[in-house]
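Make a model of the complete structure from these sequences and hints.
Below are the chains, spelled out letter by letter.
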Amino acid sequence: MITGLLFILFAGMAIGCAISVVVQRNPLYGAISLIGVFIALAALYLTLAAPFIAAVQVIVYAGAIMVLVVFVIMLLNVEEEVNRPLRLRALVPIGIVLAALLAGEAAFILYFVGASVSETINAAASNVGSTSSIGTGLFTEYLLPFEVTSALILMAIVGAMSLARRDRMATPTAAITGGDSTPGALAAPINLRIAGEGANAEFSTEAVGRAMAQEAIRKLDAKKQRVEEE
Amino acid sequence: MDWTNPYVNAGLKLIGINVAFVVVLMIVAYTVLAERRILAFIQGRLGPNRVGPGGVLQPFADLLKFILKEEIVPDKATKLVYFLAPIIAITAALMTIIVYPFGPVVTIPFTDISFPLVIARFDIALLYVLGITSIGVYGIALAGWSSNSKYSLMGALRAAAQMISYELSLGLSLVGVVLMSGTLDLYGIVEQQSGWFGLNWNIIYQPLGFIIYLISAIAETNRVPFDLPEAETELVAGFHTEYSALKFALFFMAEYVNMFTVSVLATTLFLGGFNGPGVAQFPWLGVVYFLGKIVFFLFLYIWLRGTLPRFRFDQLMNFGWRFLLPVAILNVVLTATVMFFFS
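Residue numbers (this note's numbering), protein chains in the order written: chain A, 1 to 230; chain B, 1001 to 1343.
One should not assume that every hint holds.
What the hints assert, rightly or not - One side only, chain B facing chain A, incomplete, derived with CB under 10 Å:
| id | residue |
| --- | --- |
| 1 | 1127 |
| 2 | 1128 |
| 3 | 1138 |
| 4 | 1183 |
| 5 | 1184 |
| 6 | 1194 |
| 7 | 1305 |
| 8 | 1306 |
| 9 | 1308 |
| 10 | 1309 |
| 11 | 1314 |
| 12 | 1342 |
Stated by the list, open to error - If you want the ones that stay clear, here's a sample from chain A, every Cβ over 10 Å from chain B, calculated:
| id | residue |
| --- | --- |
| 13 | 56 |
| 14 | 88 |
| 15 | 145 |
| 16 | 222 |
These aren't lab readings, by the way, just hints derived from the structure by calculation. Virtual Cβ for every residue (Gly too), placed ideally from N, Cα, C.
Laid out in structure tokens, this is it:
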């Protein structure tokens, strides 16, 4: 009885927050609602006897990824987003159709598959969600998928880094500043704002200042040259 | 009375939560007073000593003052988030209380009722603490954003960046202990350290992990020398610049409860928790050891604040990512290798 009440409470919270994510015009409210969804999902995992998954859900999604999302939104001009008219109105009917499909699938599973699954869950409920069983499973039976996923994530990280750094590689900063400054020097002020992510950018204040000054001089010279040419 | 009845059990847990709540908040209140008196001593001043003998009633005077002060809300603040932020901060800080192992199995004097001094024991207690404290970042980040003030925003950005960066080293420094104990249950980890007359502490096997944990923990709680999010000389008061009266008090309390939490983790994971000589004979002694070790860490915090200058932000990030994180990873690898070959 209590489990049922908890399910209704947290499932309701998850659905309410999820609707709020879609409806909110203010991106920060959307992000906060998404955090609510993740926390409600974690609570549902707990009622399903999967405490480890619940804890990881909170630590990774609510505690790390969403912090970064909130972090980026804090640097945006939210007022502009709120007042901007809705773009791509064609997406609204498509979204409604997809939502109807998803609801249909859920109903199908509930009415046609549900009855047979519940027995197998009860049979294996003893230690299936415990930390040690998950660890053992990951490093024995599911070792290959686990390692492949790790490689995939590593590739994603390296890709994100190279994408974020590409423009700066192209700037002639390194040529101007000579050997004593890395190509990342110009990026340092940006990295200070999104600090922590570009961990191996040059953070020395002196190098940053020199690079910025040289960049400014270079721009000024280019402008002067343009004016003279005209 | 039937102790196994779920409703009786839930009632007992409620009583336990209330007692722990009052104990933790009293310790927090007196940490603030101790901080002011000890800092004053370090700086050759007197500190607050007028309310009650030696100033012992000062926390209550402060609380009354916080309640009665005028509440100022910035005109352009995002009101809903502005009100929500201190609530998130204090709730996340206080939710960790339920897994603190305050003491061993004790018996109430003159009765035969005995129970362990911990509110809830479960498989993932350590992950629970880490998860809940990582939610606490939102209190700070949202406070800074919703205040609509550049000082608050800068403080919040710094706090979020710093807490994400040092959370990694903090988590990795605990992996060594978890590898050794083979469990994430805090009470279980403490019980395993009870050998050698209660002196078989994890710090003996994990000195490197302990040092990394201590440094990251100080950074996680935004205390000196890592107090950049509220650096007075640059940011007025950082993320809580625009907060006044009881909302400011909530942030203040959250900070001190977080200090208490990381001290509890350091004590339980590295310093044997409630273990010590004589605990096996007199279980109530365990509570004294536990609180004594925590008081030691809280004193360390105050001592550092009185003696150390503040990091610069680039130094902070360099230190966290280029030094602390690699050393933490090295510690994990070392522990795993030794465990593999010698056990």
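### Task
List in ascending order the numbers of the hints, as given earlier, that are violated by the structure.
Those not satisfied are hints 6, 7, 8, 9, 10, 12, 13.
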